[in-house]
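Colleague: Chains as they are written, first to last, in this note's numbering: chain L, 40 to 150; chain E, 1165 to 1277.
Because the hints were derived from the structure by calculation, they are not lab data. Here the structure is a predicted model, which means the values were calculated and not measured. Keep in mind that the hints are not guaranteed to be accurate.
Claimed, not checked - Derived lysine to any residue pairs resembling SDA-like cross-links, with alpha carbons at most 25 Å apart: (1) L:K96 x E:I1224; (2) L:K102 x L:G133; (3) L:K142 x E:L1225; (4) E:K1173 x E:L1203; (5) E:K1221 x E:S1166; (6) L:K96 x E:L1203; (7) L:K108 x E:I1224; (8) L:K145 x E:Q1259; (9) L:K142 x E:S1191; (10) L:K81 x E:Q1231; (11) L:K81 x E:T1265; (12) L:K108 x L:P119; (13) L:K107 x L:F85; (14) L:K142 x L:D121; (15) L:K81 x L:G93; (16) L:K98 x E:K1173; (17) L:K142 x E:F1228; (18) E:K1173 x E:I1224; (19) L:K98 x E:Q1259; (20) L:K108 x E:Q1208; (21) E:K1221 x L:E48; (22) L:K118 x L:Q77; (23) L:K98 x L:E40; (24) E:K1173 x L:Q77; (25) L:K81 x L:K108; (26) L:K81 x E:S1229; (27) E:K1221 x L:K98; (28) L:K118 x L:A131; (29) L:K118 x L:D41; (30) E:K1221 x E:T1184; (31) L:K98 x E:I1224; (32) L:K142 x E:D1204; (33) L:K98 x L:G134.
To be verified - Here are the in silico distance ranges between beta carbons for each label pair: (34) L:S135 x E:H1237: 18 to 24 Å; (35) L:H113 x E:T1179: 29 to 35 Å; (36) E:R1186 x L:P47: 35 to 41 Å; (37) L:F111 x E:N1223: 40 to 46 Å; (38) E:T1171 x L:D78: 34 to 40 Å.
We put the beta carbon where it would ideally sit given N, CA and C, even for glycine.
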Amino acid sequence: EDQVTQSPEALRLQEGESSSLNCSYTVSGLRGLFWYRQDPGKGPEFLFTLYSAGEEKEKERLKATLTKKESFLHITAPKPEDSATYLCAVQAEGGSEKLVFGKGMKLTVNP
Amino acid sequence: DSGVTQTPKHLITATGQRVTLRCSPRSGDLSVYWYQQSLDQGLQFLIQYYNGEERAKGNILERFSAQQFPDLHSELNLSSLELGDSALYFCASSQTGFGETQYFGPGTRLLVL
């Protein structure tokens, strides 16, 4: 069964304090790994898609990387507006196009 | 704004009742997905439609059903509601599906009393 585990479950940072979020996954074959940001009571907002090990993508203060077993979301010099829940999801090869999500990581950035 | 719309935003109903949630995908997207998000389970895939046809089923209860209409909007019907059905229900869409990004709507918050 495809599984996604995110750690830590919650993280508090001071503004400007860089850190990384981890997403470990187990799939029969990876079609794609997706990062989303979710604010309370809102729908997940797309951040990145990664398809193969070694791939990296960046957007403002965020950088996502992928290996064969995990993905990292690096946050550089975060600001309070980066506070949100970050979700990792995988889509497996063959059959369903469903996304399998981790339980998310709640990030709080204090000013 | 993802371009995916969902109505209603909030729904409060009683146990045993039936409700219908509506989703309009982004312009040009043929695939629609429904997900349920509860506090303890996280986001769980329910069902996918592609161009009017059911393509994949996840952990969808028999009391739940969905359809996609010729104009590509989709409806999720929840019947014989139980307290445990209280959750956020999200619709997502993509152009076709395989390996593509799924864009999520704002969700419908369902509260069953």
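Colleague: Of the hints given before, which are not true for this structure?
Modeller: 1, 2, 6, 7, 8, 9, 12, 15, 16, 21, 23, 25, 27, 28, 29, 31, 33, 35, 37 and 38
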